[in-house]
Each structure stands twice: as C-alpha cells, then as structure tokens.
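A.B. asks: Take a look at the letters that make up each chain.
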Amino acid sequence: MITKDNIDSFIEKIPPSPKILNETLSLLKIGDLVKAAKVAEKDLALKSYLKSIVNKPIYGFRNEVSDIGQIFGILGVSLSQQSVYNYMVTLLSPNKWTLFNLNRALFYELQATLSKRWEAILMHLNIHDDNIYAAITLLPASIIVTEALFAQKKEEVELLKETKALDYNTILMRLCGVGLFDICEEIAKKWEMDKSVSAVVQAASGIKPSENEEINTLGKWMHLLLFYKLSKPEFINAGLNDFVDFQVEYVSDIYDDFALLMEIE
Amino acid sequence: MKAVVKNGIAVFSPQGFLDANSSNAFMCLEDIEAATNLKADMILISLKKVVFFNRNGLDIFIKLFSKIRKKNQAIVGFCDYDRKKYEAVRRFFQDELNFSLFKTLEIAYLFSSSFKNQNKNILIYSSDKSQRSAMAIELHDAGHNTTVAQSIEDFEEKKDNRAAYDYIIDSTFLGHMGQKVAARVTGNAIIYTISSFLDVEIGENFNIEYHNNSLNVGFRLFIFDAYKVLSMNIHALNFFSKLASSGAEYNASICFVGMKFDKTPIAFKETMEDAGILFYKQMDDILKNKELLKELGANTASNVKNKRVINKETILELPKFIDATVATLEMMTNAKATKEALNVRNLTIEDKKDKIASSIGYYGDMDGMVILVFPKEIAKKACELLIGESTDDLEMILDTLAELVNIVGGKIKTLLADENISVNITLPRTYQDIDSLMEVVEGRKGVQVDLLFKSDKFLFFLTR
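Sequence order for the protein chains is A and B.
When we follow this note's numbering, the leftmost residue of the first sequence carries the number 1, and every step to the right adds one.
When we follow this note's numbering, the leftmost residue of the second sequence carries the number 1001, and every step to the right adds one.
Careful: at least some of the hints might be erroneous.
Residues from chain A that keep clear of chain B, each with C-beta distances beyond 10 Å, as calculated [what the hints assert, rightly or not]:
1. F10
2. I30
3. P57
4. F61
5. I74
6. T90
7. K164
8. V178
9. E185
Each computed DSS-like pair below joins lysine-lysine, with the alpha-carbon atoms no more than 27 Å apart [said to hold, decoys possible]:
10. K1413/B to K4/A
11. K1049/B to K116/A
12. K1380/B to K164/A
13. K161/A to K1413/B
14. K153/A to K1413/B
15. K164/A to K1376/B
16. K1454/B to K154/A
17. K116/A to K208/A
18. K164/A to K1454/B
19. K4/A to K1454/B
20. K161/A to K1380/B
21. K153/A to K1049/B
Keep in mind that the hints were calculated from the coordinates and are not lab data.
Here a beta-carbon is modelled for each residue, glycine too, at the ideal position from N, C-alpha and C.
Please put together the full structure from these sequences, using the hints given.
C.D. replies: Okay, structure coming up:
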C-alpha cells in the first residue's frame, strides 16, 4: 500500500527552495524589508499569494493592499518571513485535492488563520523569535503529505477507518515506521529552516513531546490551535478533523489560557 | 463523519471543539441516515477527544439520537468522558436525560447484548438509587457478578480493593435501553437477545433476512437468550414455531436459554418443543458442553438445503470481488499480491497446516459468500496494522481476521453499489482450522483464486 519507498520518493521530489525565495528570506532575516520586497516582486506567484493572504478578513484591512513593499511593511519582519514560508508550503500542495475536500482558497485560509492566531499566542507568551513565528508554517505541510501519500488509497483507508479508529499518522507509522511529522521535518531540512521549527512541529504532533520545556509548551499551544481550527465546519467538511489524533491530556494544562485568549465561551 | 462499529456498538469520535456550528458539520444528513441504518445495539458519541462542548453543540446529537431511536430502537448516548464532562452533560440536560451516558467505551460494551465477554466482577455506584438498581439488573441479566455500593463512602472503600473487580462503574447513566433483537456470534453459534413482552412486534424487530442468510452462510446453531423475557403471546409463539420449521430444512437447531414460564402458558413450551425448539436453563449449559455443541450443529454445516451454483451474475462481478480482496489485503500487509490460478471447482486446499480462514456472506440484489484462507503468518501480518503489535494469541488473530473480512465485505458492498447493485453483508465468521471450514463448504462449487503474497499462498473462494 504505502511503503518506505513511496515516502523516500515523495521527499526526493520536494524541490529546494527557489533562489528568489531564498534571497527574500535572507533579506528579511536581516530586517531589510525594502530590498526583500524588490526581490519578491520578481516572483509573480509569490506576489499574488501574498496579496491574497494579506487581504483576507482576518488581517482586517479596509482597503486592498497590493504593493509588496507595503505588504512587508504592514506585516513586519516576522510575519513577512512567515508568509514567504507559507507560500513555499503551498508549492507542495496538489492541483486537485482528492483525499481531503480542500481547494486552494480553503488551504490558504487555513494557513492565514493559523498564522494570525499563532502570532497572538506568541505575543501572549511574550516570545519574539522569528524562527518560532515561522514554525506554524510547517504544520499545514502535514496535511499536504497525507494527501500525497494516501490519495490513491482513499477507499481502502476509509474502510479501515470505519473498522478501527486509526488516524493517518498511526497508519503510516505502523506501515512504514515513519510519521507524518517526521516527513515535515525532512521538508524543513531541505528548505534549511531553523531546527527549532521542526522541533516545535514534532512536539505539536502531540505524540512526541520535547524534552525542552519551552519547545514542549509551544508544541502544546500549536496542537490545540490546530484542533481549534480543525473543529471549524469548513475543515470538518474537508475531512480534516480526524486526520491526526487530538491528544486532549497533552494540552490540558494550557486549555484555560487558550480558551481565554481565543475568547471561547 | 463515519462511525466505527465493534461488539455491536457504533461510535462516532469527533475531536476538538463541539458547538452548534461544528456539531452540524460532524453530522451531515448522510451520516445520520447511515447511523440509523447501522445494525448496532448502541450508537454512541465519544467525548474522549473533545476538549470543549456546550449545550448547543450536544443538542445536534440529541436530535440525532431521537431519530435513531424512532427507527431502530438502539441505545444512544455519550461515552468516554471524565467527571467534569459528565457533570456538565447532566447539568445541561437535567430532567431531559433520555439518552445514556457510559463513562468509558468498555463500560458501554458491558451493557451491549452483542458483547460476548461475561462473568465479570463489577462494582457499581450512582448517587441515584434507581440508576444503581437498573445497572445491576442489566448487568446481572448479561451474566455478570455485580456489587452495588450504597453510598459514596461505601464506593470509595470498596474501590480501594481494585483487584476484586474487573470493572468499576460510576459516572454512568442508563437512559432508554434498547428493544431490538440483537445478534452476536459466539464461536459458531448465533445468539439473539430477546426481552420483556414478546408479541406480534417480534416479527418486525427480528431481522429474518439476516437469519436466513446466516443459515445460508453455514450457521446451524441459533440460541435465543431469553433471560429477560417476561412473557409471550400467541403471535410470538407462532413466529418462533415458524422459525423452527424453516430452520429444520437446514438441520438448524434453535434453543431458548433462561426462559421462564411463570407468566407464559406452559402449553406454549410444549408447542415450541413440538416444533423442535430446545430449552436450557443457562447459556453455559450449551456453550461449555462441547459434545452438546457438536450435537446441536455448532461444528457442522452439512445438509445444506440448496446447493446453489455460481451464476452468470456472480461471474460478471467476480473481478470486483477479487479486486476488493486484493486491495484490502495489500493495504493490510503492505505486500503486493500476484494472481496464480483461477478455477471453478470445489474448494481445494492442498496444505491445510497452519492455515486459518474467515467468511462473510452478502445478500440483497445478489447473494453469496466470500471465503478467505490465510496462512497464519499473513493473518498475523494483516493484524499488525489493526492492533498495532505482533501477536501469537489465536483468539485475537481470529477476532482481527473477522474485522479484516468485514472490511473486504464493506468494500465489495461499496463496489457493487457503484453499479446500483444493493447488497448487505452478514456478520463475519472465522475458522481456526481448515477442517471446520470444509464442513461448511462441502459439496459447494465456487470460484477459487490462488494468490501469492511474497512467498505466502493465500486463497480466495466465492460460492453461493
């Protein structure tokens, strides 16, 4: 069904981060927003993506923002960097989703709201590390990996899931000994993302807590944030609510803080 | 969202946050329809992976419960919660609690008539006296030994002696219990559970199509668990007499266990005995008596009423059956299958050693039976995905094999539905050796496909 070879082949096909994006990211890292915007302008797909993201209601701008320089200026260094990584993740997404009932707009929506909520969480936790800001961008990659590996076996997996409540991560682990978040880590390595990015995402899987207390706390917030989003009707309808197992106990000590921050009544 | 069905209980497992919006998305019309049509004793919503819920979120499920109960009388409710969630549900619904609450899924299994595990020592506590009694009666009737704690102090004290109990039940509430005739398979006997007053409605609550197809698949021993029957009238008597007469053509045995005749005319017993129905005091009188089991036909399936031949309709759909089986097994074993031979003949197994088998029947627009014969090693490999570890426990392997053949049956059903052929599937049956399988298929011609998974031979047989 799904073998280690399929996984290796998937990882092999992940393109290295394009030159323009690398350059944009390098300039963003040193805080040169103007130069970064000039470089980013050259990638029309990136430009279009940034425009579509920043003009979503969650960003709350009254008038359309279309100039890249203006977008980077509004977002600031951390969020600009995060947006470029988000764009890189979309490069892996399929043209047509078959396993999940998703489309490009809905996936962008997921990325945008996760990013914005993650920003609120990091502000609440008083964390100002750019790499930690960027960590949220890798999380949706797990959905893309699931789609890529399981799309051809949709019916079989559905029958299996009706017999046993197994999530995709467990199925993959039992079949190949590799989990979805391990593959995300490989993506992060290929794109030379900071190690802390994959460490947080691994902790956010809920089944591989980190020994580093700070990373672990961030993993808990990210895990809860993911399921907060995946409990929204559009993502339940997309079939995403149970794609990985929610670990209620893992997040129990931060739930009250989370509920307060997200204004859950 | 689809339910997972095991031991007669269908469980939906939403994750995360349940409010009015999300609950509506969890249960679309199609899901509600599918849940209503499930042949389950209980339909439960697991709150295990729910971190937040409010009254509006649960209301959607309550409406679903009401629809299900109207249609098939199944027990409905929530399970898998902690004390805080239990108190929240009780607070939300106070006087309108007409559904059940089971602290864990394991506790729910104890109340399901399809659950075969009996004779457990169970400690029960509820602050509501009538609930304590209701639980004790239900569990006692299901063959368990119950201890009822009369106060919270009594409960805390008894609970300390953890080793004395297999299960400890608290934070549990029994709403309306089911009335349908539930079926379960124990070994090679089918056990139906009947209760309260049996009248003309038994004809509606008993799935005669399922029973007839179980006969066709090879089941010969049918036991009615009648411990909870209070009385029966002439209509029910006629129903059982007819059932016994039609079963006689298959050499089937029908037994009643635990039936009391203090409120039912004793003449009814004589009439039923004349029709060939046998009466026993306790379930163990049959299930633990190997000689009697053999005599009653639990090990044999000869003298099939109609030895039917494979027809053109079945042959036309054959590739679909094989594809469904191969795709499922490839997924479960992570190995590629190659087809070695295809023949129309009586089932032929050259090397019977270290092989186990399972079968599943389908009926509706088409009917027949799929038999899968596994080398133990393939079966073990297939089970690893489902149970997550390697095991040599034969009972566990056979149980998992039953789940596997259920998946195959489900896939066949889906594939045929794509061509507007509507079929239902029977409960799966397993065989721990080839001799017991051969007794069922003796004299039946079918299509035999030999498949190879790496170096292991696997056999598919389709018959009617």
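A.B. asks: For each hint, tell me whether it holds in the structure or not.
C.D. replies: Hints and how they fare:
1. The beta carbon of F10/A is kept farther than 10 Å from every beta carbon of chain B, the shortest such distance being approximately 16 Å.
2. Under the 10 Å C-beta cut-off, the non-interface status given to I30/A relative to chain B holds; the minimum distance is some 39 Å.
3. The claim that P57/A lies off the interface holds: its Cβ sits roughly 17 Å from the closest Cβ of chain B, which is beyond the 10 Å cut-off.
4. For F61/A, the shortest C-beta to C-beta distance to chain B comes to about 26 Å, beyond the 10 Å cut-off, and the non-interface label holds.
5. Every CB of chain B lies more than 10 Å from the CB of I74/A, the least distance being 30 Å, so the non-interface label holds.
6. No Cβ of chain B approaches the Cβ of T90/A within 10 Å, the least distance being about 24 Å, so the stated non-interface status holds.
7. Not every CB of chain B lies more than 10 Å from the CB of K164/A, the least distance being 5 Å, so the non-interface label is violated.
8. The claim that V178/A lies off the interface holds: its Cβ sits roughly 13 Å from the closest Cβ of chain B, which is beyond the 10 Å cut-off.
9. With a minimum CB-CB distance of about 23 Å to chain B, E185/A clears the 10 Å threshold, and the non-interface call stands.
10. At roughly 31 Å between alpha-carbon atoms, K1413/B and K4/A are farther apart than 27 Å, so this suggested pair is violated.
11. About 25 Å separates the Cα atoms of K1049/B and K116/A, which keeps this hinted pair within 27 Å; it holds.
12. In summary, the hint linking K1380/B to K164/A is supported, as the alpha carbons are separated by about 17 Å, within the 27 Å threshold.
13. Distance restraint check for K161/A and K1413/B: the Cα-Cα separation of roughly 16 Å lies within the 27 Å cut-off, and the hinted pair is therefore satisfied.
14. Taking the CA atoms of K153/A and K1413/B, the gap is near 17 Å; set against the 27 Å cutoff, the hint holds.
15. This hinted pair checks out: K164/A and K1376/B have alpha carbons roughly 21 Å apart, not beyond 27 Å.
16. Of the supplied pair hints, the one linking K1454/B and K154/A holds, its CA atoms being roughly 24 Å apart against a limit of 27 Å.
17. In summary, the hint linking K116/A to K208/A is supported, as the alpha carbons are separated by about 25 Å, within the 27 Å threshold.
18. The hinted pair formed by K164/A and K1454/B meets the criterion: a straight-line CA distance of about 26 Å does not exceed 27 Å.
19. At most 27 Å may separate the alpha-carbon atoms for a hinted pair to count; K4/A and K1454/B meet this at roughly 17 Å.
20. Restraint check for K161/A and K1380/B: the C-alpha separation of about 19 Å stays at or below 27 Å, so the hint holds.
21. Distance check on the hinted pair: K153/A and K1049/B sit about 26 Å apart at the alpha-carbon level, within 27 Å; holds.
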